[in-house]
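Student: Sequence:
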Amino acid sequence: MSPVLAGVVQLLALIAALALAYRPLGDHMARVYSSDKHYKPEKWIYKAIGANPSAEMRWPAYLRAVLAFSAVSVLFLYGLQRAQGILPGSLGFSSIDPDQAFNTAASFVANTNWQSYYGEQAMGHVVQTGGLAVQNFVSAAVGMAVAVALVRGFSRSRTGELGNFWSDLVRGTVRILLPISVIGAIVLVACGAVQNFAGIHEVGQFMGGTQQWNGGAVASQEVIKELGTNGGGYFNANSAHPFENPTPFSNLFEVFLILVIPFSMTRTFGRMVGNLRQGYAILATMATIWIGFTALMMWTEFAHHGPAFEVSGGAMEGKETRFGIGASAIFSVATTLTSTGAVNSFHSSYTGLGGGIQLLGMQLGEIAPGGVGSGLYGMLIMAIIAVFIAGLMVGRTPEYLGKKIGTREIKFAACYILVTPALVLGFTAAAMALDTPANSMTNSGAHGFSEILYAYTSGANNNGSAFAGLNADTQWFNSTIGIAMLLGRFLPMVFVLALAGSLAEQKPVPETAGTLRTDKPLYAGLLVGTILIVTGLTYFPALALGPLAEGLAS
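So for the sequence shown, the numbering used here puts the first residue at 1322; every next one is plus one.
Among these hints, one or two may not hold up.
[Unchecked claim] Derived pair list, reagent style EDC-like, types lysine to aspartate or glutamate, alpha-carbon separation capped at 16 Å: (1) Lys1725 to Glu1826; (2) Lys1828 to Glu1377; (3) Lys1725 to Glu1638; (4) Lys1358 to Glu1377.
Honestly, the hints are just simulated from the structure, not real lab data.
Computed from a predicted model, the values in this text were never measured in an experiment.
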């Protein structure tokens, strides 16, 4: 079987698996977030934190709960890293430096998992399992909770109540993420992933010396790293490491984990608003962009010209021979079109245009299908923008799902789509203008600029992957990327929840002959065009200076 055909077969198998999981998982999530029943373990958690899960919250209260929980999480994870040197199970590692501890705490709480450190050489078992893995669960659950709050804004009327954050957080963790993670971890262990609490041990003889490896609860962290679209690896090589991702099957299974909840949440959305066809329209938009980007990535990596590429069958530099170009391209697009950031190949070694596809995938807002929760609410914001544009074309007040999109709603949506580009372009410009940040680049010219642009794009979009040619473990990058991650995560949530509250207060508008049918292919096409045009106009000048210039010059 040729490498190209193998890549296509893997893509088709992945689509089939996602299609099989779409309906049962989507319906299950809808039941979870619509149920009034609380399980006993959940009641114990509510009692421990002093929360009343039945109390409805308006959007300011919901937002305060999100921010308070996240702030406590940052402080806890920061303190755990600073105290690592005196904790049991630290494997002899010292405490993490203040700037690195802040960056890592911000990263994992913001569902980014940006790592400017070597995991196996810095973090012991307590920090990895009791700190980072825990945040992989709850940060994903926070994103899902905010998405569900926005969906309730569409489905409810004449009330500002959006549900209860504590109930949504606990249910998302206990009823969705934990059960799938247990099953997924067993699958990964069966494939050969490591799951233990072994210490550091020496293995083999390498060039006259030995190599040191440490074990860990890798499989259990790997599964939630992918399922929760987190991305932070136990080892520095991330999902290219055989302890995390041993076989081609485990590789495809990890891509499935990355995509299954974001895609399935479109059915949850359709079920909760009482119109499954609306969910299918959002799904079609996400799938069109994802498949298009995957096809483009495979083409750029397989068809790139040059003697070395022709001998190896494509751009094999920086890619695992276990997976090849096809599986690497599929994985790369899945992680940059979601907020995962996990890597099974070296993104900096992709062709110039391939690196541009990775950048553009994040700059779209990671909405195809996007992160767990964040992909859905990001796509719904773009759906509102598309409806607004359509309304301007025909001179009619825009409506979406029976709710009028007035001045207030469009301001919230506009603020949402402006926050991330302002962070990315602002920090990139500052880093390029100053001497110290620029000294961290290991490449000059267009590729060096792409390293900086990629770092802030990844941080502000809560992705976490890196070109890796950049030395980001400096006070400047640890601090500024940490700030970008926190602002890029929580500022958009402010506008999402404010929009949800505004929509929930409205009275439903009856559908008429002039109402735009947002469940039709025509609207899905308009939505795809809106996403690409808005992103293109925003980021094209920066992309032209980096990956496009590099790709055209090669």
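Student: Find the hints from earlier in the document that the structure breaks and name them by number, from lowest to highest.
Tutor: 2 and 3
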